[in-house]
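Novice: Here is what each chain is made of, one letter per residue.
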Amino acid sequence: MTAFTGTGSLVRLILRRDRVLMPIWMLFMAVLPLSLASGTAAIYKTDAERQGYIDDLGSSPMLILFYGQKPSDPNLGALIFWRSATGIVIMALIAVLFVIRHTRLEEEAGRRELLGSAVVGRHAGLTAALVAISGASLGVGVLVALGMMSQQTPASGAFAMGMAWAFAGIMFGAIAAVTAQLTEGAGAARGIGIGLLGLAFAVRGVGDVVAGGWAWLSWISPLGWVNQVHAFTDNRWWVFALAIVATVALAALALRLSARRDVGAGLLPPRLGPATAAPSLSSPLALAWRLHKGSLYGWLVGLGVVGGVLFGGVAETSTKLLEDNEQLTEILARIGGKSGAADIFLAGTLGMGATAIAAYGIAAALRMRTEEASLRSEPLLAASVSRMRWAASHLVFAFLGPTVVMAVTGLFAGLVYGASVDNIGREVPRVVGGALVQLPAIWVLGALAVAMFGLRPRLAPAIGWGALSLCIVLGQIGAALQLSQSLLDVSPFTHIPRVPGGSVAFTPLLILTALAVALAAVGLATFRRRDIPVT
Amino acid sequence: MENAISVSGLTKRFGQTKALDGLDLAVAQGEVHGFLGPNGSGKTTTIRILLGLLRADGGTATLLGGDPWRDAVALHRRLAYVPGDVTLWPNLSGGEVIDLLGRLRGGLNPKRRKELLERFDLDPKKKGRAYSKGNRQKVGLIAALASDVELLLLDEPTSGLDPLMEEVFRQVIAEETKNNGRTVLLSSHILAEVEALCDRVSIIRLGKTVETGTLTQLRHLTRTFISAELATPPNGLGSMAGVHDLHVSDNHVKLQVDSAQLDPVLRQLTSHGVRSLVSQPPTLEELFLRHYETEPVK
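Going down the list, the sequences are from chains A and B. Here the first sequence is numbered in UniProt numbering, starting from 1 and rising by one per residue. Here the second sequence is numbered in UniProt numbering, starting from 1 and rising by one per residue.
The following block holds chain B by itself, in its conformation from the complex (with noise of 0.2 Å):
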């Protein structure tokens, strides 16, 4: 099936800072993507130019089988973006900004407009300046929601919402995924919500795409931290492959193992008889620290 976004060796700069610096992006139709990445690593940039509203200097996009660029209007038609700060006009209503933008893109469904009201618990009486930034975030939401279009670009949608408010974010996005069988782009740093709702993750860094896949692909690229008892001083273990962080005191070894080469380091323990071990899987946010931190420099 085509791709909903395909976006490659993309680059943006912005005077001297270099936003973007080669950014690979696929999105596949009917899926949600987690995009991931530091403050500042360009997921926004990414974002904006997918809207046409930025102008890349390089490489190429394309979104919804048409050029961000050029077919901006007729491409916003079918498509909803929520920013992470949603700002409203102070003199217009919430219900008056959910009208609008849905009547901009490719129209409203009332009934889930009410739905979606009833679920967030959103006031849509109050003036713009009156709601808090949770509130804000939710007008944006039931906006872009409620709209009849195939794709969503989310942009750090959550930020502002109480996690009971998140809950129910992540259960309407799975219910539009699983029964409209709509595309999401979404732009996030909460992990918890990403493990619960993307197919695939591209996470990115210094306007570069580092790692993508599912998440099981990326759990494989991660460390298994390992404590183990022996009957006999191990040997040998320093020198092994994919072994970080070795601590041997007689029999007793910890040590983390890159999941790649577990089998044999596994092995290399058992040989020396394992009286008692204890292993920990590696979490996603092991996985995120790894990339969000900036690497020293070679």
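Chain A extracted, bound-state conformation (with noise of 0.2 Å):
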């Protein structure tokens, strides 16, 4: 038996174990360039429309901050691998999460003391999960360039940016394998993860960005390489070779560290807490709050203050953007005229944003099931806390914490969008007043998961889940589906006035608000009535 036995019995369990998830993701990060370039190909359809629409994107630091450094030739192919690079950043995020749930986790779980204790080698675990990440990173960029090469790029240039997303992919994977063996609970060392791959983002976007001196910034960033391929233009492909024996060095720390360390145990000491609890900590409220507030700083920073800066940044630019090309000015004139692009803009930026937070608001109502479920919330209520004080101190989260989240979302694209013009003192009301206008359809949401908590506890997830995902695709997609105005009508968000630009509509912010109202009261008043847990 040799360190690494009985890897490939472990690749088919993780296979196994996500039959539906890795599908699904594989998919998803496949067709997001392909989508890219069929809707590119048709709007901006000669070499000078395309190199004025990256001349006017490339203007916008914010979004060389994003996609890096103009590509230096105007081909379809070259602008879609420029355009895309966000993708790069959600591939290296995936395989983060990905290594991290099948290291970690699984220790952390006890799974893997069990699996080691059968014939399996010490090594297996983590090479198993490397060889997956990195074979579903692969998969992945080949169908990448089969997309391109489907809208009639040359082949060269899409096997080129097909690697390069995978090994944004495998390389982002030998990392997490790395911070997997830090700590011993799998939040930290995704938390961990993700703050690197921030880090290589950052170093990658000021390289770009302030160029000249520092462009070896983004050399010493491992998205920066990605990026550097310059695939549809140069295809360097000797950058792979720089990812190839980054990823090796990585995978082999990893494997030595995981070596040298005990089953369970990280290489950094477990924090230990408090022996006495805050003389605050004596309410269900403050309990929640300590639940609560990783997730709600999360969004905050995530989506209030680096979002609403982007959503701010680019309003500005995407005014240009309209100015230089003709059929999109023709279809904006229909709406509503060149003048309110930016508004356009932001009402739609805004509107995207609230769905992202409806997830907030739906995950922090479903808490409470999972505290049930793990039976956590049983101590509690057999202690002298009635069930309406412990669903309130969790309901704060799902109602508040959304409007808060979309106030400063609100407030930092108003600030940003505001100075860009040179008038904050207009722009800061109306855009958050934007914000705030999606509020009635965010509580729709929340309120929804909190009725079936009370009516169906062990549907509330999925169908809390799904209506945002039909919400979503309604939202995303109904129009160009040409879906029937009453099916379309079927999310709350259909029925949110388009602000700012357009005028505000009370009654249906008001029967939306009143609807969460009604949901929320079902929701709470079958929970007083049912049993608990169950499980």
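Calculated from the structure, these hints are not laboratory results. Note that the coordinates shown come from a computational prediction; the quantities given were computed from them, not determined experimentally. A hint or two may mislead.
Said to hold, decoys possible - Once the Cα atoms are required to be at most 27 Å apart in a straight line, the calculated BS3-like pairs of lysine-lysine come out as: (1) B:LYS178 x B:LYS18; (2) A:LYS293 x B:LYS125; (3) A:LYS293 x B:LYS208.
Unchecked claim - Pair by pair, the computed Cβ-Cβ distance ranges are: (4) B:ASP85 x A:SER117: 39 to 45 Å; (5) A:SER117 x B:ASP148: 21 to 27 Å; (6) A:VAL263 x B:GLU167: 29 to 35 Å; (7) B:LYS125 x A:VAL301: 56 to 62 Å.
Just so you know, even glycine gets a beta-carbon here, dropped at the ideal spot from N, CA and C.
Using the supplied hints, reconstruct the complex from the two chains, each of which is provided in its own coordinate frame.
Specialist: Right, here's the structure in full:
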């Protein structure tokens, strides 16, 4: 038996466990550049049009930060490789989550110990996770390449682009394999991995935006290497040598660290907590704050600050794009004129942000279900905490949490956009208004999860997430599929007025709010009467 | 004196399954009451009804003079509960959980908390995810035992504890009732624990109470094993009431006899002249085995 014995069986175990999830994210990643390519090809038909588009986008430092340096040639493939750079970050993020899920999380749950007692080598678990993520990443790469080739782009460039995407996953899988060795808790390992991804993104972005004497910064970030492949222009194959060397080195480091530590232990000592509780920790609400604050902070920074700055920063560039493109100007003229282009862009992105925030609201509401199913609600409800008080402690986060995040998103978007058009005083209230107007729809989805938690607790997660998925499908592709209005009306987001720019219709907002209150009330009333726990 | 817990004719269904089928239970104030039964017999369901978490379908339940469902919050200030599998929040330390639960009950005795942490040898600084099963159980036990409450509802509280810690648990419970007059309902599988701690015992099976009483009373319900050598071969033993598993070979007799019929059977034996006699008293294990075994369908 060698240290790698059993790797094959463990790879099969991973494939079996992820047999639904893995094909979904692989397809999602493959479709991302393909849909962008077909859409762009339809609007920007000539090299000159594409060059104008690239110059407009490239004039925004915000977009250089996200996409990297402009391509040197305006062919369609090069444009798409550049424009879909955020997809590379998503690919890396998926790889981090995947590897932590199949290594540290397994270990924390005690399942690695069970497998380790069988005929399985010391390195098998970690190697299997790396093999699986590498295989899946290469699969995405091949699909991306085939997708690009279907858009009449050269095969060599398509292949370079596919491999660049694949190596984003492979390298960050190897980075996550190292972070998985550091801490006992999977949450912390995941946090460190995502933090490193953020760092790699920031370093690459600063190198590209500042450029000049700082351009070397793009070369010390693995995400930078992926961009430096320059698919469809230079096709720099030698950059992959860097990626391969880095991957092998990281994997070897991870295996060495893994072999040196005990099963279940981390290289960093586990952090201890206080021996006694702070005096403030004496109510269900104080406990709920401890349980919810991590995700609230995450959303505040991720969507509120970063998202807000991005939305506001790109809004001004979007007007420029429209001025240059006749076809789009025409479309816009029909729906309100070019003067409102930034408003339409802001209303649209705030609407997309709102569907993301709805996910946070639903997750916060479903936290009640997690607490119940894990039996952690029982000791509280067996103490002098009424069911209503316990539920209220979580619902504060389900309803006020999205409110705060949405307001912060609007504030930052308004500030950045207002600064770019030199009119902060006018834009901030308009954009914040556009953010807040989304809230009734967000509340309805959260309240639906609460209602199901009371009525059919076992189905609550499926119905909560199913409803959100339906809203996303209807909102994003419903119009394109030419679905009937009565079907589109199912989504609460359909009824939200387009603000800033449009007029605010208060009736649908009041009706949606009343619906949210009614759903939450049904959930609480039934929860008050039902058996606990339903497991 | 009024009972701390009185339950009669309690029924509860979960879909097609009948979890409780007319359960009776009476726990006097200040006593340690053993609550025994095989897995799935309805012990946890009963305790959850007493906590107002589940609503009974029928029958009555009174807890500390109140209605467990209606008066849940007020009653919970006066009791503490330890489940058989304590689950903790992964990012809260054990000490924080002990304090939080104590504060949400009737308050916490800080001196008692410190003493119990030492006796149970628990590090309160570890985070919830870092504790082993036994240590999680200790967190639940210390939170309950350090709370200022009249009634303890303990649902297999020592599962996962090592024998040393089980001994500490027994000592602490004995002190609780002697010094503080607390009432304890102790659901358990560990017979030695029940024997050492409990004043009275209720045995339930398939959601019904099958026996209740003091341990001495219950022993009367069990059989004594007798092996004897007689002067002459015995006769008539087989037809006597209360005799089971009779084996006779020449002058040797082996049999089991219900405790209530011990006297007539012994008279019958001595009438044949007893040369040697070995008798084994009934053990609790036998008592439980008799009730735990599923009876064949009649």
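Novice: Is it true that the CA of A:LYS293 sits at most 27 Å from the CA of B:LYS125?
Specialist: With Cα atoms ~21 Å apart, A:LYS293 and B:LYS125 stay inside 27 Å; holds.
Novice: Checking one constraint from the list: CA of A:LYS293 to CA of B:LYS208, max 27 Å. Satisfied?
Specialist: Roughly 46 Å separates the two Cα atoms, so the pair is violated.
Novice: Regarding B:ASP85 and A:SER117, is the given constraint of 39 to 45 Å on their beta-carbon distance met?
Specialist: The hint (39 to 45 Å, Cβ to Cβ) is violated, given that B:ASP85 and A:SER117 are roughly 23 Å apart.
Novice: Are A:VAL263 and B:GLU167 spaced within 29 to 35 Å by their CB atoms?
Specialist: Hint holds: Cβ distance 31 Å, inside 29 to 35 Å.
Novice: Checking one constraint from the list: CA of B:LYS178 to CA of B:LYS18, max 27 Å. Satisfied?
Specialist: violated, 38 Å
Novice: Do the beta carbons of B:LYS125 and A:VAL301 sit within 56 to 62 Å of each other?
Specialist: violated, 29 Å
Novice: Using the Cβ atoms, figure out if A:SER117 sits within 21 to 27 Å of B:ASP148.
Specialist: For B:ASP148 against A:SER117, whose Cβ atoms are near 45 Å apart, the range 21 to 27 Å is violated.
Violated hints, in rising order: 1, 3, 4, 5, 7; the structure is consistent with all others.
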